[in-house]
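Based on the sequences and whatever the hints tell you, model everything.
One letter stands for each residue in the lines below.
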Amino acid sequence: MAHTLIEKYKGQLLATVLMAGVLSVLVVMLGVYFWNDIKANVFLYSVIKILVIVVPLLLAVAYLTFAERKVIGYMQLRIGHNRVGPRGWLQPIADAMKLLFKEIVIPTNSNRFLFLIAPMISIAPALAAWAVLPFTDTLVLANIDASLLYILALTSMGVYGVIIAGWASNSKYAFLGAMRSAAQIVSYEIAMGFALVGVLIAGGSLNLVDIVQAQQGSVLHWFWLPLLPLFLVYFISGVAETNRAPFDVSEGESEIVAGFHVEYSGMAFAVFFLAEYANMILIAALAALMFLGGWLSPFEGILPDEFLATGITGLVFGSGVHWLFAKTSLMLLFFLWFRATFPRYRYDQIMRLGWKVFIPITIVWLVIEGAAVVANVGPWFD
Amino acid sequence: MDFERFIFYVFAAILIFAAARVITVRNPVHAALHLVLAFFTCSALWLLLEAEFLAITLVLVYVGAVMVLFLFVVMMLDINTSPLREGFIRYLPLGLGVAALIVMEMYLVVRARNFGVDSVTIPARHPEGYSNVREIGSVLYTDYVYPFEIASVILLVAIIAAIALTMRKRPETKSQNPAEQVAVKARDRVRVVEMKAEEKQ
Chain H
1 MAHTLIEKYK GQLLATVLMA GVLSVLVVML GVYFWNDIKA NVFLYSVIKI LVIVVPLLLA
61 VAYLTFAERK VIGYMQLRIG HNRVGPRGWL QPIADAMKLL FKEIVIPTNS NRFLFLIAPM
121 ISIAPALAAW AVLPFTDTLV LANIDASLLY ILALTSMGVY GVIIAGWASN SKYAFLGAMR
181 SAAQIVSYEI AMGFALVGVL IAGGSLNLVD IVQAQQGSVL HWFWLPLLPL FLVYFISGVA
241 ETNRAPFDVS EGESEIVAGF HVEYSGMAFA VFFLAEYANM ILIAALAALM FLGGWLSPFE
301 GILPDEFLAT GITGLVFGSG VHWLFAKTSL MLLFFLWFRA TFPRYRYDQI MRLGWKVFIP
361 ITIVWLVIEG AAVVANVGPW FD
Chain W
1 MDFERFIFYV FAAILIFAAA RVITVRNPVH AALHLVLAFF TCSALWLLLE AEFLAITLVL
61 VYVGAVMVLF LFVVMMLDIN TSPLREGFIR YLPLGLGVAA LIVMEMYLVV RARNFGVDSV
121 TIPARHPEGY SNVREIGSVL YTDYVYPFEI ASVILLVAII AAIALTMRKR PETKSQNPAE
181 QVAVKARDRV RVVEMKAEEK Q
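These protein sequence lines map, in sequence, to chains H and W. Taking the numbering used here, I'd label the letters of the first sequence as residues 1 to 382. Taking the numbering used here, I'd label the letters of the second sequence as residues 1 to 201.
Treat the hints as calculated values from the structure; they're not laboratory data. Cβ coordinates follow ideal geometry from the N, Cα and C atoms, glycine included. Please note that the accuracy of each hint is not assured.
What the hints assert, rightly or not - Reference listing, derived: stretches of chain H covered by chain W, where coverage requires no fewer than 3 residues with Cβ under 8 Å from a Cβ of chain W:
1) 144-153
2) 161-167
3) 174-182
To be verified - Derived pair list, reagent style DMTMM-like, types lysine to aspartate or glutamate, alpha-carbon separation capped at 20 Å:
4) Lys356(H) with Glu180(W)
5) Lys169(W) with Asp348(H)
6) Lys169(W) with Glu180(W)
7) Lys172(H) with Glu255(H)
8) Lys174(W) with Asp348(H)
So this is what it looks like as C-alpha cells:
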C-alpha cells in the first residue's frame with residue numbers, strides 16, 4: 001500500500017524535495033554572501049546562534065526517542081522499529097508527522113487558556129536553559145557569571161507545566177498526577193541544589209566555563225571522584241526531576257492512566273514529550289559538564305601534551321566538543337538503561353529516598369568538602 | 001526612548017497588571033498564577049538593575065519552590081467564595097480603616113522624599129568583570145554577618161516548629177517501616193507444615 005502510494009506521487013515528491021533543496025542552498029548562499037552584515041546586526045546574529053543550538057537539539061530529541069525504543073528493544077531481545085526508512089531511521093519523523101496532523105481535543109469544562117499554555121510553559125525553560133550551556137570554553141551563547149544558578153532556577157520552572165496541565169484538564173487522573181509530580185520535584189530539587197552547591201565550592205565559581213576549567217589535569221581531576229556521593233545524588237535527582245522511570249509516578253500508567261497529560265492529544269501532547277526529552281539531554285549535559293570534565297579529553301595526563309595539542313591526533317584525542325557529546329550520550333544511555341531495568345518506585349519510597357537519604361548525604365558531604373577545602377586536600381582543593 | 005527604558009516600561013506594566021489581578025480575580029488558582037507572573041517580571045526588572053544574583057534567586061526560591069507549594073495547597077482546597085462575601089457591608093468600615101492605616105504607613109515610608117528621583121542616585125553601570133555574586137557574598141559575610149546568622153537561626157527555629165506542630169503520633173494512622181520490611185524472613189510469613197498424605201480408604 002505504502003509503496004503504491006509512493007509510486008503514484010513520485011513526481012510530486014521529487015519536485016518537493018528538489019525545491020526544498022534549492023531553497024535551502026539559496027538561503028545558505030545568501031547567508032554566506034551577507035555574512036559580515038549579519039554579524040554586524042546583533043539581533044540577527046543572536047537569532048542565528050540560537051537556531052544553531054535549538055535545531056540540532058530538537059533533532060537530538062527526536063532521535064533520542066528513537067534511540068530509547070531501540071536500546072530498550074535490544075535489552076529485551078527485540079529488534080525495535082525497523083520499518084519506516086532504512087533500519088527504521090525515519091520513525092521519529094513519521095511520529096512527528098502523525099502527531100502534527102492529529103486533532104487537539106480540549107475537554108469540556110477545562111480551562112482553555114491554561115490547558116493550551118501548559119505545554120508551552122513546560123518546554124520554554126527546557127530550551128531556555130541551553131542559552132548558558134558551554135560547548136567549549138569559547139563556544140557558548142551567553143557566558144554569564146551566574147550560569148549554574150540560572151540553570152537551577154529555570155529547571156525549577158518546568159514543574160509549572162505539569163501542575164497547570166493537571167489542574168486545567170479538569171480530570172481526576174490528571175490532577176493526581178500533577179500533585180504527585182509537584183511534591184516529587186520540589187523534594188528532589190533540594191538534594192539537587194545541595195549537590196550543585198558542592199560543585200560550586202569545588203569549582204570556586206558559579207560560571208560553568210570556570211567549573212569545567214577547574215577540572216583540568218586528568219580523569220582523576222574531574223569532580224566525579226572528590227564529589228562521588230554528590231554526583232550520584234545529582235544524577236538520580238535528575239532522573240526524578242525529569243519524571244523518568246523509575247520515578248515516573250506522575251504518569252504512572254498502571255495507576256492513573258497517563259497522569260498529568262491524560263487529556264492531551266496531538267501536538268500539545270507531543271510538546272510535553274519534547275520537554276521531557278530536552279530536559280533529559282540537559283541533565284545529562286550538565287552532569288557531563290560538572291562531574292565528568294565537560295569538553296576535556298580523558299587522555300589528559302596520560303598521553304603527552306604535544307600529542308593532544310597538535311595535528312589530527314590533537315583534533316581526535318585532544319579536548320573538544322566531541323568529548324562533551326560523548327559524555328552526554330553516555331549519561332543519556334543510563335537514563336534509558338534505568339527505564340529498561342528498574343520497576344517503578346512506590347510513592348512513599350520516593351519521598352523517603354529524597355528526604356531521608358539524599359538530603360542527609362549531601363549535607364554530610366558538604367561538611368566533609370568544606371573541611372577538605374580548609375585543609376587543602378589533594379589535587380582538587382588546593 | 002532607548003531600548004532599555006522600553007523594556008522597563010513593558011515589564012513594569014506587566015508587573016502592575018499581574019499584581020492587580022492577584023487581588024481582583026475570583027479563582028484562587030488564577031490569583032496564585034498571577035502572583036507567579038508578578039515575581040517573574042519583578043525578577044526581570046532586577047536584572048535591568050544588574051542585580052542578577054538576587055533576580056535569579058527570586059525566581060529560584062519564590063517561583064520555583066514557594067509558589068509551587070502555594071499552588072499545591074490552593075488547588076487542593078475547594079474554596080467556596082460566596083460565604084466569604086456575605087459580611088462585605090458589615091466589615092466595610094473596619095476594612096476601610098485598616099486600608100487607610102496601611103496607606104498612611106506606606107506613604108510615610110515610600111514617599112517622594114525617600115524614594116524620589118532626587119533622593120536616589122541613579123545606579124552607575126558596572127565595568128566588565130563585575131561579579132554581583134561576589135559583591136553580595138563579601139558584604140553578607142562581613143558587614144551583615146550578625147543579621148544574616150540571626151535570620152538563619154530564626155528560619156531554622158521555624159522549620160523545627162513546623163515539624164514539631166505536624167509530627168503527632170496518632171494511633172489510627174498506619175505507616176510502613178522499611179527496616180522491618182527488609183529484615184523480614186520467609187519463616188515469619190509462611191509456616192511449612194509437614195503432614196501425612198491422606199490414605200486411600
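Now the hints, each set against the structure:
1. Given as covered by chain W, the region 144-153 of chain H passes the check, having 7 residues with a CB less than 8 Å from a CB of that chain where 3 are the minimum.
2. Remark: the region 161-167 of chain H is confirmed as covered by chain W, as 3 of its residues place a Cβ nearer than 8 Å to a Cβ of that chain, reaching the required three.
3. Counting residues of the region 174-182 of chain H whose C-beta sits closer than 8 Å to any C-beta of chain W gives 4, which meets the bar of three, so the coverage hint holds.
4. For the hint linking Lys356(H) to Glu180(W), the alpha-carbon distance of about 16 Å falls within 20 Å, and the restraint holds.
5. Of the supplied pair hints, the one linking Lys169(W) and Asp348(H) holds, its CA atoms being roughly 18 Å apart against a limit of 20 Å.
6. At most 20 Å may separate the alpha-carbon atoms for a hinted pair to count; Lys169(W) and Glu180(W) meet this at roughly 19 Å.
7. Note on Lys172(H) and Glu255(H): the hinted pairing holds, with a Cα-Cα distance of about 12 Å set against a maximum of 20 Å.
8. Note on Lys174(W) and Asp348(H): the hinted pairing holds, with a Cα-Cα distance of about 12 Å set against a maximum of 20 Å.
In summary, this structure violates none of the numbered hints.
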